[in-house]
Amino acid sequence: GAVVSQHPSRVICKSGTSVKIECRSLDFQATTMFWYRQFPKKSLMLMATSNEGSKATYEQGVEKDKFLINHASLTLSTLTVTSAHPEDSSFYICSARDIRLAISHNEQFFGPGTRLTVL
Amino acid sequence: AQSVTQLGSHVSVSEGALVLLRCNYSSSVPPYLFWYVQYPNQGLQLLLKYTSAATLVKGINGFEAEFKKSETSFHLTKPSAHMSDAAEYFCAVSDEGTALIFGKGTTLSVSS
Numbered sequence: 005g006a007v008v009s010q011h012p013s014r015v016i017c018k019s020g021t022s023v024k025i026e027c028r029s030l031d032f033q034a035t036t037m038f039w040y041r042q043f044p045k046k047s048l049m050l051m052a053t054s055n056e057g058s059k060a061t062y063e064q065g066v067e068k069d070k071f072l073i074n075h076a077s078l079t080l081s082t083l084t085v086t087s088a089h090p091e092d093s094s095f096y097i098c099s100a101r102d103i104r105l106a107i108s109h110n111e112q113f114f115g116p117g118t119r120l121t122v123l
Numbered sequence: 003a004q005s006v007t008q009l010g011s012h013v014s015v016s017e018g019a020l021v022l023l024r025c026n027y028s029s030s031v032p033p034y035l036f037w038y039v040q041y042p043n044q045g046l047q048l049l050l051k052y053t054s055a056a057t058l059v060k061g062i063n064g065f066e067a068e069f070k071k072s073e074t075s076f077h078l079t080k081p082s083a084h085m086s087d088a089a090e091y092f093c094a095v096s097d098e099g100t101a102l103i104f105g106k107g108t109t110l111s112v113s114s
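Those protein sequence lines, which keep their order, are chains A and B.
Note that the numbering used here numbers the first sequence so that position 40 is 44, with each residue one more than the last.
Note that the numbering used here numbers the second sequence so that position 94 is 96, with each residue one more than the last.
Don't take every hint at face value.
Chain A side only, calculated, beta carbon under 10 angstroms to chain B, not exhaustive [what the hints assert, rightly or not]:
| id | residue |
| --- | --- |
| 1 | 8 |
| 2 | 10 |
| 3 | 11 |
| 4 | 14 |
| 5 | 15 |
| 6 | 38 |
| 7 | 42 |
| 8 | 45 |
| 9 | 47 |
| 10 | 53 |
| 11 | 63 |
| 12 | 95 |
| 13 | 97 |
| 14 | 99 |
| 15 | 101 |
| 16 | 113 |
These aren't lab readings, by the way, just hints derived from the structure by calculation.
Predicted model, so just to flag it, every value in this text is computed and none were measured.
Where a beta carbon is used, it is the ideal one built from N, C-alpha and C, also for glycine.
Just need the whole structure built from these sequences, with the hints factored in.
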């Protein structure tokens, strides 16, 4: 149980195009999902917290208009990188928290990540 | 705000040797604490988590960690390293209902 999928796993795009990454909780409901960015040899940086049915909360320094987050259902959140540039190339990882917080002890379940390369 | 410090960005051990990866957190209230492992180009896998039920937490693959409130530490150990343990390890902390905050990670190398 507690599986999170991400699609696509790898994407290469041209500079200036937009890329959408999907994060799905497959066997549980998640009112909250998180988006992280990881640079090579670096830790995970929290980008934003996505709440179902409301606007995402972005961390300081993360451009809201560049990284559009939508959490349309209890099992799906999407991250759209708009007008992507080479500096947006990174490993993007999502995580989801089970709606039953008490059971999951605040644990987040992570997706396998999406490798974005912008040419 | 919560923060976590992992001492040592790179730890090297011989196969069969003790593995010790250090993690210290900053919090006046015992938080939730986690250790994750990441293999190259993969997502994160939970090794173990502390949720106040017991101070010594046993995880997968023979790893365990001990919560020490007096030292604000949650160090990860394994009695005998395997080659397959070579990976990146992250300590993470969170409060109830908040996002996980990760340490900078420790690369574990295992030599034969």
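Going through the hints against the structure:
{"no.": "1", "hint": "8", "verdict": "holds, 8 angstroms"}
{"no.": "2", "hint": "10", "verdict": "holds, 8 angstroms"}
{"no.": "3", "hint": "11", "verdict": "violated, 13 angstroms"}
{"no.": "4", "hint": "14", "verdict": "holds, 9 angstroms"}
{"no.": "5", "hint": "15", "verdict": "violated, 14 angstroms"}
{"no.": "6", "hint": "38", "verdict": "holds, 5 angstroms"}
{"no.": "7", "hint": "42", "verdict": "holds, 9 angstroms"}
{"no.": "8", "hint": "45", "verdict": "holds, 8 angstroms"}
{"no.": "9", "hint": "47", "verdict": "holds, 5 angstroms"}
{"no.": "10", "hint": "53", "verdict": "holds, 6 angstroms"}
{"no.": "11", "hint": "63", "verdict": "holds, 9 angstroms"}
{"no.": "12", "hint": "95", "verdict": "holds, 8 angstroms"}
{"no.": "13", "hint": "97", "verdict": "holds, 6 angstroms"}
{"no.": "14", "hint": "99", "verdict": "holds, 7 angstroms"}
{"no.": "15", "hint": "101", "verdict": "holds, 8 angstroms"}
{"no.": "16", "hint": "113", "verdict": "holds, 8 angstroms"}
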